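A.B. asks: Keeping their order, the protein sequence lines are chains A, B and C.
Just so you know, we're using my numbering here: the first sequence kicks off at 1 and counts up by one.
Just so you know, we're using my numbering here: the second sequence kicks off at 1 and counts up by one.
Just so you know, we're using my numbering here: the third sequence kicks off at 1 and counts up by one.
These aren't lab readings, by the way, just hints derived from the structure by calculation.
Do not rely on the hints blindly, as some may be mistaken.
Derived lysine-lysine pairs resembling PhoX-like cross-links, with alpha carbons at most 25 Å apart [stated by the list, open to error]:
| # | chain 1 | residue 1 | chain 2 | residue 2 |
| --- | --- | --- | --- | --- |
| 1 | C | 180 | A | 26 |
| 2 | A | 38 | C | 207 |
| 3 | A | 53 | A | 31 |
| 4 | C | 266 | A | 38 |
| 5 | B | 41 | B | 23 |
| 6 | A | 38 | B | 41 |
| 7 | A | 125 | A | 104 |
| 8 | A | 89 | A | 99 |
| 9 | A | 31 | C | 207 |
Here chain C is said to cover these stretches of chain A; the calculated rule only asks that three of the stretch's residues, wherever they fall, bring their Cβ under 8 Å from a Cβ of chain C [claimed, not checked]:
| # | stretch |
| --- | --- |
| 10 | 5–15 |
| 11 | 23–33 |
Keep in mind the model is a prediction, meaning the values are calculated, not measured.
Glycine residues also receive a C-beta, built at the ideal position from the N, C-alpha and C atoms.
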Amino acid sequence: MDLVTPGFGLIFWTTIAFGILVLLLKAFAWKPILNTIKEREDSIDNALKSAEKAREEMKSLQADNEKILAEARAERDAMMKEGRDLRDKTIEAAKETAKIEAEKIITSAREQIELQKKAAMTELKNQVAALSIDMAEKILRRELSDAKQQEALINELLEDIK
Amino acid sequence: MVGSIAAIGAGIAALGVGLGIGKIGGSAMEGIARQPEAAGKIQTAMIIAAALIEGAGLFAIVVALLGNNVGA
Amino acid sequence: MRTTPIFSFLLTLLMTPLFAHQMPIPHDDHEEVTAQVPEIEEKEDVNDVIMHHISDAHDWHIFDWNNHAVSVPLPVILYTEKGLVSFMSSAFHHDDSGKEVVEKNGQRFVKYHEKIYYASSLANADGSYIDFDDEHHALNAKPLDISITKNVASLFVTIFLMLIIFLPAANFYKKNGSQKAPKGIASFVEPLIIYIRDEVALVNIGKKHYLRFTPYLLSLFFFVWLANMLGLMPVIPGGANLTGNIGFTMVLAIFTLLITNFNGKKDYWMHILWMPGVPVPVRLLLAPIEIVGILTKPFALMVRLFANMTAGHIVILSLISLIFVLETIWVSPAAVLLTVFIFVIKVLVAFLQAYIFALLTALFIGQAVEEHAHH
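Given the sequences, and given the hints that come with them, work out the whole structure.
C.D. replies: Encoded structure:
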């Protein structure tokens, strides 16, 4: 029957035409189209990947920043602490030195005073002795003459001492 | 006369194929309802299976056609 | 039909190609021809009309005007005993009953039921130059007919369309490179191309080989789809039942058969000839079945496309023919609505069959190039 009997003419033409069509389209249509689509997909892929990478980098950069900041803060804290310590120590030391110095000064002052005192005492003693001798000499000279005068003399002497 | 017998044959073939494809379609629906995310894969598999069953039916119909025309 | 001539005219105009061959017009009947044709004849003709419509023809019928067929003549090319002979099909003057003899290169040809025969020297009782046997089969010898028939012309139209769609699309890509979004025709075909590449080729053939076969699958898919759609168009340049012709689908199936088997890897042939993993007697049993299977797979492809498209055409024509079978104009709304419904389904089927053809081809190729890691 015609319907299920393939006709030679159509088979002949279809074979030729379809064969040529496949080859033509393969060379001039599918190859460029598929290649371009592939290229585009690759470039999109790459763009996505590099965006992802950039994001990763950004993240790690941020983490780095944070770390550096934390380090800096820690360092600052350490430095501040050190400074405080140093200051305290210096003050302490200065206090100590000052104390010692002061004590030394006080001691030497005391010694000086003692020495001065001693010297003064000696001087005083000497002067008292000299005065006494002087007075005694004068008294002895006047006594011989007048009692009234004697008294006046003593008063006068006393006035002098004063 | 041969023509009507051929028509009956084609009808029986269509019946069988209809049952078969209906079953595939139904199962595919169930599958998709159960796993909507696999809908694409199920559809492809369904179409392939339906096409294969349909092929069997078409053979029967072609045979019916041949019988019809031999008789005519 | 008699009551509403205008309506019937419109309807005829709508469906003309479907009824292109409704009434082969005998030459000597001209004086009797009227606008109305006896219904009885129409009723009997329905089967013939449908068969004529879905078969190939030597001229491209457009419509009947005043019972004169208006058609595009197509070249007839014959490979005869005396070499190639060609003339236009209009030389037969729309005769399809073997009455009009065309003489060329000293040979005489007649056309009978869209087949070209060497004419008998004398006309028989009906006036046709054909000798018949008892079962009314023509006995005359036939030259090898490689005419540009309606289907071949439709084939060329399809190919022309393919070229004017895809070459400009390819040009767009060549010109703009990969950095520009597709526009115009390229934006229309690109999703389909990507779909065929990813969902048909890649899924079924596998990553290693799929790019090699994608061009063939793309050509196949778009070619079948376009041919199907052209077959749905009621007027020229559509209207030919190209994809519903078994010769056409056979060629496509043979292409698939050859591509599949020429690319068959060792594993593929081993699975056919010496199935691994089963006992020897079973292997001996399986081998012939598998060998037959090589042929049945493309055979099913061939029959599927042919039967689907032909069946669709037959259903559409039958529904419209209801008007003439039931002899009433009042059934026409239902008939037309049903036809429109079937048409919509056919648009879907046109795509689906092209897709299935490409999908199964990819599946077969995938089976052939698959390499098993184990066994």
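A.B. asks: Given the proposed pairing of residue 38 of chain A with residue 207 of chain C, does the C-alpha separation stay at or below 25 Å?
C.D. replies: Holds, at about 14 Å.
A.B. asks: For the pair supplied as a hint, residue 266 of chain C and residue 38 of chain A, is the alpha-carbon distance within the 25 Å limit?
C.D. replies: Answer violated: residue 266 of chain C to residue 38 of chain A is near 30 Å, above 25 Å.
A.B. asks: With the threshold set at 25 Å, check whether the alpha-carbon distance from residue 125 of chain A to residue 104 of chain A stays at or below it.
C.D. replies: With a Cα-Cα distance of about 30 Å, the restraint between residue 125 of chain A and residue 104 of chain A is violated, given a limit of 25 Å.
A.B. asks: Would you mind confirming whether the straight-line C-alpha gap from residue 41 of chain B to residue 23 of chain B stays at or under 25 Å?
C.D. replies: 17 Å, holds
A.B. asks: Is the hinted pair residue 31 of chain A and residue 207 of chain C satisfied, with a Cα-Cα distance of at most 25 Å?
C.D. replies: It holds: about 17 Å lies between the C-alpha atoms, which stays within 25 Å.
A.B. asks: Given the hinted pair residue 38 of chain A and residue 41 of chain B, is their alpha-carbon gap at most 25 Å?
C.D. replies: 24 Å, holds
A.B. asks: For a C-alpha distance cap of 25 Å, please report whether residue 89 of chain A and residue 99 of chain A respect it.
C.D. replies: Satisfied, since the Cα-Cα distance of roughly 15 Å is no more than 25 Å.
A.B. asks: Do at least three Cβ atoms from the stretch 5–15 of chain A come closer than 8 Å to Cβ atoms of chain C?
C.D. replies: n = 11 at 8 Å, threshold three: holds.
A.B. asks: Given the proposed pairing of residue 180 of chain C with residue 26 of chain A, does the C-alpha separation stay at or below 25 Å?
C.D. replies: Since the Cα atoms of residue 180 of chain C and residue 26 of chain A sit roughly 22 Å apart, the hinted pair holds (cutoff 25 Å).
A.B. asks: Taken at face value, is the distance from the CA of residue 31 of chain A to the CA of residue 53 of chain A at most 25 Å?
C.D. replies: Violated, at about 32 Å.
A.B. asks: Within the stretch 23–33 of chain A, is the number of residues with a Cβ closer than 8 Å to a Cβ of chain C three or more?
C.D. replies: Per the Cβ count (9), the hint holds.
In the structure shown, a violation is registered for the earlier hints numbered 3, 4, 7, in ascending order.
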